[in-house]
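Number of protein chains: 2
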Amino acid sequence: MVVDTELTDDEVDRIFRALADATRRDIIRRTLVEETSVSELAGTYDMSFAAVSKHVAVLEGAGLVTKHPYGRERRVRGNPEAIRRAQRLLDAYEQIWRNRIGRLDALLDEPRSTD
Amino acid sequence: MVVDTELTDDEVDRIFRALADATRRDIIRRTLVEETSVSELAGTYDMSFAAVSKHVAVLEGAGLVTKHPYGRERRVRGNPEAIRRAQRLLDAYEQIWRNRIGRLDALLDEPRSTD
DNA sequence: AGTATCTACAACCATTTGGTTATACGTTAC
DNA sequence: GTAACGTATAACCAAATGGTTGTAGATACT
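Protein chains in written order, with our numbering: chain W, 10 to 124; chain B, 10 to 124.
Since the hints were derived computationally from the structure, they do not count as laboratory data.
Cβ coordinates follow ideal geometry from the N, Cα and C atoms, glycine included.
Any given hint could be a false lead.
Ranges between beta-carbon positions, derived for each pair [unchecked claim]:
hint: 1; chain 1: B; residue 1: ASP55; chain 2: W; residue 2: GLY52; range: 44 to 52 Å
hint: 2; chain 1: B; residue 1: SER48; chain 2: W; residue 2: TYR79; range: 16 to 24 Å
hint: 3; chain 1: B; residue 1: VAL42; chain 2: W; residue 2: GLU49; range: 26 to 34 Å
hint: 4; chain 1: W; residue 1: ARG38; chain 2: B; residue 2: ALA66; range: 28 to 36 Å
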């Protein structure tokens with residue numbers, strides 16, 4: 010079952026942009042390991058709670074994390090499916106490269122396993 | 010031979026940031042297929058040559074493309090190695106997730122192949 | 001009820017980004 | 001030599017980003 014994640018340019022923009030910040034990448038790491046409240050996250054970074062809250066919002070907007078109310082907390086959970094989606098995006102470039110190699114081989118009339 | 014691409018936060022920032030723009034992603038695609046001069050690239054986007062030149066500079070700064078002088082042209086070439094480096098970055102998150110699963114299994118005292 | 005905690009959000013600010021036009025320089029063509 | 005082409009870069013501008021403080025709403029604690 011190929012889900013065919015047809016992502017818009019805007020969605021892809023958001024995913025990579027969200028990944029382009031060390032604090033946000035750290036939040037992803039931590040929340041992939043275990044669900045963590047926003048204030049718990051904020052406690053370990055050298056910036057205001059509001060700043061961390063914004064980072065979480067950026068990650069949420071990109072689908073890289075989800076938030077789950079738990080009492081007065083909002084627990085943040087890393088979304089491995091979104092990570093895989095990003096991986097597939099990069100795989101596409103890798104594939105373009107491999108296809109190119111295949112085409113060059115064809116030009117050189119030098120048959121080779123194309124997998 | 011594991012090269013152990015020890016990337017700094019800044020370098021990782023630049024890579025994902027460079028990927029967070031549709032025009033730049035298109036330039037990567039095109040230059041992975043074949044080396045292309047900056048003006049040739051610029052000809053197909055609805056923006057000035059200078060804007061495209063800047064996009065190429067951003068990609069170059071992230072290591073995603075390289076430029077090669079050829080007469081008065083600068084030919085842009087996609088760098089598949091940098092793409093793979095980005096893939097490895099995402100793989101690391103995937104791995105964190107998989108490790109988590111392993112740990113949960115351990116908690117549940119439900120042994121399973123840990124690869 | 002009253003207080004402390006967790007969160008969201010607005011307003012603000014400095015810096016960066018993504019675009020523009022204009023200028024300058026090296027290379028090719030005539 | 002001069003004109004045309006390919007490129008880089010500076011100066012400029014609007015919008016987005018990443019931070020701040022302050023305010024206010026829910027929820028939990030006593």
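Hint by hint, here is what the structure shows:
| no. | hint | verdict |
| --- | --- | --- |
| 1 | B/ASP55 <-> W/GLY52: 44 to 52 Å | 46 Å, holds |
| 2 | B/SER48 <-> W/TYR79: 16 to 24 Å | 56 Å, violated |
| 3 | B/VAL42 <-> W/GLU49: 26 to 34 Å | 46 Å, violated |
| 4 | W/ARG38 <-> B/ALA66: 28 to 36 Å | 30 Å, holds |
Checked against the numbered hints listed earlier, the structure breaks hints 2, 3; every other hint is satisfied.
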